[in-house]
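Peer 1: Here's the letter readout for the chains.
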Amino acid sequence: MRIALFAAAAVLAAFPAAADEAAIQLKPGPGLDKVQGNCGACHSLDYIQMNSPFLNAAGWNAEVAKMMKAFGAPISDADAKAIADYLAKNYGT
Amino acid sequence: MLTRRRLLEAAGTGLALAGSGLDFPRSLKARAAGVELTPGVPAGLDTSARMEALPGKKPLIKLSYRPPNYESPLEYFRTPITPNDQFFVRYHLSDIPDVDAKTYKIAVGGDGANGQAELTLDDLKAMPASEVIAVNQCSGNRRGLSQPHVAGVEWGYGAMGCARWRGAKLKDVLDKVGLKKEAIEVAFNGAEGPAYDKTPDFVKSLPVWKAIDESTLIAYEMNGAPLPHFNGFPARLIVPGWTGTYWMKHLISINVRTQPLNNFWMNPAYRIPVGLFPVVARFVSQENATSTPITEMVVNSLITSHADGAKVKRGKVTVSGLAWDGGYGIRTVEASVDGGKTWSAATLGDDLGRYAFRPWSFPLAAKRGKNTVMVNATNKIGQTQTATLLFNGAGYHNNVMQSITLEAA
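Protein chains in written order, with the working numbering: chain Y, 1 to 93; chain C, 1001 to 1409.
Quick caveat, the hints were computed from the structure, so don't treat them as lab data.
Check each hint, because a few of them may be wrong.
[Stated by the list, open to error] Quick list of in silico lysine-lysine cross-link-like pairs, DSSO-like style, CA-CA up to 30 Å:
hint : chain 1 : residue 1 : chain 2 : residue 2
1    : Y       : 89        : C       : 1198
2    : Y       : 66        : C       : 1198
3    : C       : 1311      : Y       : 27
4    : Y       : 81        : C       : 1313
5    : C       : 1125      : C       : 1171
6    : Y       : 69        : C       : 1198
7    : C       : 1380      : C       : 1313
Bound-form chain Y, shown alone (with noise of 0.2 Å):
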């Protein structure tokens, strides 16, 4: 995890549009925390509101599962959970 942000990190710095990437307001609620820390690691978080509203629980969490196996992404089981009840509850149908 400490390597994925610190590439993230890097690749914020090399990059200049990416001071508008922090301005994506995700919706608050429990579990944000574990989007932003583990899903910003390596991409932006407008890919969740871009991909909202149509996908249901199920969908939301193929696409966690879907980040872990295919593009190995190191999140627990627990913080997958989290995000995944966060995608659905805020950005789910």
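Starting from the known structure of chain Y, arrange chain C on it as the hints suggest.
Peer 2: Chain C in isolation, oriented as in the chain Y frame:
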């Protein structure tokens, strides 16, 4: 329900909807955010999409910052050649280096090659140069219009562009190392990498037959200028007729293979169901019983003179746009003003080659009130656009005939 953000946007543009309890009509929402979103994309984009100019680019519709995914707005498609600073940007991975042209090299080799080579940018430029005008369209262009919506980058109409590409033939580069007769695929890697080292690097392969096609290039020029950073500087693969997933940017390695490339980006990504689309070009070494890699683009068209809902004057209105396909060439573009019951031929514009955008125009006799215009392109092998969506889970190959309504006063 109106969100606070939408209320603020409404206030900023003088719309007096506060407290009305009504949601914005879709086109007003998009306008309030200063972004002309394609009608039908997920509503979440109303909140997140922005007009943003990346370094060296005019404002594009920002769909995601990191990795950067930016599409061209409709107004950038009013010419058959898309200017470099208006060309869309698409990345899978976010660690994108500024490649130094002086130290840049492409490594060529692999178990299907007889030898190895390393090419600098000067080496590439010293080789015989070829040019092709070709459409580069993201496989997922129009994914955002899928019904039901499917997850991914929710592109509207603008994940495409057409440029004059100049570079060395890939075939000539492969000739430097020589292909063994067992060679079946050629794999390509670009300089960008993932933010996290467990994420699969973006590596793609082509079947040998497409790799050695005379039109497949390693381009170092786009519309007479060096490639923009965000379009693959200093050199990228040009695969005319095929979707953008194969057009590797910042190309740094070419591997000739005797075995199929087996990675996430070849399977399960970028696959279409077997038999769903009328594509001719096959990628046999990657096929299985149920799915096959996306290959050539399906025939398609876009009205670019007017957005849906645009206001026009009564009388003659020239409706124009672009048509393109997987490289067979456009035979006809037809327009219908009665919902598809009868069709009239549009006038085709300059033919810039079979891989290029083909401009077309159609004189509409606009009557007071709503006028609908539908468009359908047919290519030279008789393929046409579809009346209804051929749904697939990744949202590829959406070539549903577009229909727009123009309001004449």
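Peer 1: If a hint holds in the structure, say so; if it doesn't, say that too.
Peer 2: Hint check results:
Proposed proximity of residue 89 (chain Y) and residue 1198 (chain C) is supported: the alpha carbons are some 29 Å apart, at most 30 Å. Under the criterion of a C-alpha separation no larger than 30 Å, the hint pairing residue 66 (chain Y) with residue 1198 (chain C) is consistent with the structure, at around 13 Å. A distance of roughly 36 Å separates the Cα atoms of residue 1311 (chain C) and residue 27 (chain Y); the hinted pair therefore is violated under the 30 Å criterion. Distance restraint check for residue 81 (chain Y) and residue 1313 (chain C): the Cα-Cα separation of roughly 56 Å exceeds the 30 Å cut-off, and the hinted pair is therefore not satisfied.
For a cut-off of 30 Å, the pair hint linking residue 1125 (chain C) to residue 1171 (chain C) stands: about 15 Å separates their Cα positions. About 10 Å separates the Cα atoms of residue 69 (chain Y) and residue 1198 (chain C), which keeps this hinted pair within 30 Å; it holds. Restraint check for residue 1380 (chain C) and residue 1313 (chain C): not satisfied, since their Cα atoms lie roughly 35 Å apart, outside the 30 Å limit.
Of the hints listed earlier, those the structure fails to meet are numbers 3, 4 and 7, in rising order.
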